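Enquirer: Sequence:
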Amino acid sequence: MMPEQPMHFFLGANSPAGFVSFYDEITAQAENGRLFVVKGGPGTGKSTLMRRTAAALSQREKCFEYIHCSSDPDSLDAVLFPESGVMLADATPPHVIEPQHPGACETVVNLCACWDEELLQSRRAEILSLCRQNALCHQQCVRFLSAAHALLSDNMSIAVNCLDTRKTAKTAAGIVARECRRRKRGESVEKKRLLSAITPKGNIGFPETIAALCPRVYLLKDPYGAASSLLLAAIRSQLMEYGLTIYTCFCPLSPRQKIDHILVPELGLAFVTAGKAFPLEKLPEPYRVISFTRFTDMEQLALRKQRLRFNRRAAEELLEAASRSLRRAKNLHDLIEKEYGAAIDFEKLEQLTLETLEQAESWQKEHLP
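All you need for this note's numbering is the position in the sequence shown, starting with 1, plus 1.
Keep in mind that a hint or two might mislead.
Claimed, not checked - With a straight-line cut-off of 30 Å between C-alpha atoms, the simulated DSBU-like cross-links for lysine-lysine are:
{"id": "1", "residue 1": "222", "residue 2": "192"}
{"id": "2", "residue 1": "306", "residue 2": "192"}
{"id": "3", "residue 1": "339", "residue 2": "40"}
{"id": "4", "residue 1": "40", "residue 2": "331"}
Since the hints were derived computationally from the structure, they do not count as laboratory data. This one's a predicted model, so the numbers in the text were calculated from it and none came from an experiment.
With the hints as constraints, model all of the structure from the sequences given.
Expert: Structural data, given as C-alpha cells:
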C-alpha cells in the first residue's frame with residue numbers, strides 16, 4: 002500500500018560524529034531516473050524551486066517524498082518521485098552531490114548564475130564572519146550530542162546486560178514468520194532514512210509518514226533502546242529475505258548502527274520505537290505493544306536505577322543544549338540568506354525555475370507507467 006499523500010523524512014542530520022547523511026541513496030538512483038542537482042548559495046531559492054516543482058509533479062504522482070533539512074525543518078533538501086524517477090536535491094554542503102553522468106542522468110541547476118557576484122564580493126567580510134559563527138554553533142551542537150550519546154549508550158549497555166537475547170530473537174522470528182507467511186522469498190530493496198532528528202525546534206519526527214504508510218503499528222516501548230535495537234535488527238534481517246521494499250529508519254544519535262523504526266508499506270506494517278518525537282496521539286492505534294520488560298530482568302535493572310536516572314536527565318539537558326546551538330546557527334544562517342537574497346536577480350531565478358519545472362514534467366509524463 003502506497004499513500005495518496007507525500008511522505009516526510011530526513012536524509013541527513015547532526016550526530017555525535019558530525020553531519021551524517023544518506024544522500025548516496027539519491028545518487029545511486031540517478032542512473033534509473035532524472036536527478037536535478039541544485040547548486041546555489043543560502044537563500045537563493047533552492048528550497049522554493051523544489052517545492053514548486055513538487056507541487057506541479059504531484060498532480061500526476063501522489064506518492065513522493067519530501068526530504069527536510071534538519072538544520073531548518075521548514076526547508077527542503079530534496080524531493081523524490083520514485084514512480085517516475087524524478088529527483089531534485091540541494092547539492093551544497095554539508096551534503097554535496099556531484100553529477101557522475103552529467104547531462105545523461107543528472108541535470109545541474111545552477112542558481113549561482115542568478116546572483117550579482119560583485120555585490121557578494123563587496124559583502125565578503127560580513128558573509129565570512131557569519132559563516133564562521135554558524136560553523137562554531139554546529140561544532141558546539143556536535144559536542145553536546147556526543148556527550149548525550151555517551152550517557153545514553155551507558156544506559157543501553159546496562160540494559161543489554163539485563164536482557165534475555167534469546168527471547169528477543171525468538172520474538173522477532175515469530176513476528177516475521179507470522180507477517181510474511183503468505184509471501185515468497187526474494188531480494189528486498191532497503192531505503193535508509195531518518196524519521197526524526199535533533200533540530201532547532203528540538204527532537205522532531207514525522208509521525209504522519211507512519212500513519213500514511215502503515216495502518217498496523219507494532220509499538221516498541223523501550224526507554225533504554227537495548228531490547229528494541231536487538232529486536233529491530235533481527236526483524237530487518239529477516240524481512241530482507243521476502244522481496245519487500247523496506248524503509249529502515251535509523252536513530253539520529255547513532256545513524257550508522259541503531260535502528261529506531263522499520264516501515265514496510267507493502268504489508269501496511271510499521272515497527273516504531275516510542276519516543277518524544279512520536280507522540281502517541283499522532284500515530285495509528287497500536288496493533289501490538291511490545292514492552293522492553295518482556296525481555297528484561299527488571300530486578301537486576303533496578304539495582305542501577307540511580308545511575309540510569311542521572312544519565313537520562315543529563316542527556317535530556319544536553320540534547321536541549323544541542324537544539325539551542327542549532328537555533329543560534331539558524332539565526333545566523335538567516336542573516337547569511339539575507340546577504341545572498343539581496344544579490345539575486347529574481348527574473349533570472351524565475352526563468353531558471355520554469356525551465357527546470359518544464360524539464361521535470363516532461364520526464365515525468367514520458368516515464369510514468
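Enquirer: Now, for every hint given, state plainly whether the structure supports it.
Expert: Hint check results:
1. 222 - 192: This hinted pair holds, its Cα atoms lying about 24 Å apart.
2. 306 - 192: Violated: residue 306 and residue 192 sit about 37 Å apart, past 30 Å.
3. 339 - 40: 17 Å, holds
4. 40 - 331: OK: residue 40 and residue 331 at ~20 Å, within 30 Å.
The earlier numbered hint that this structure contradicts is number 2, and it is the only one.
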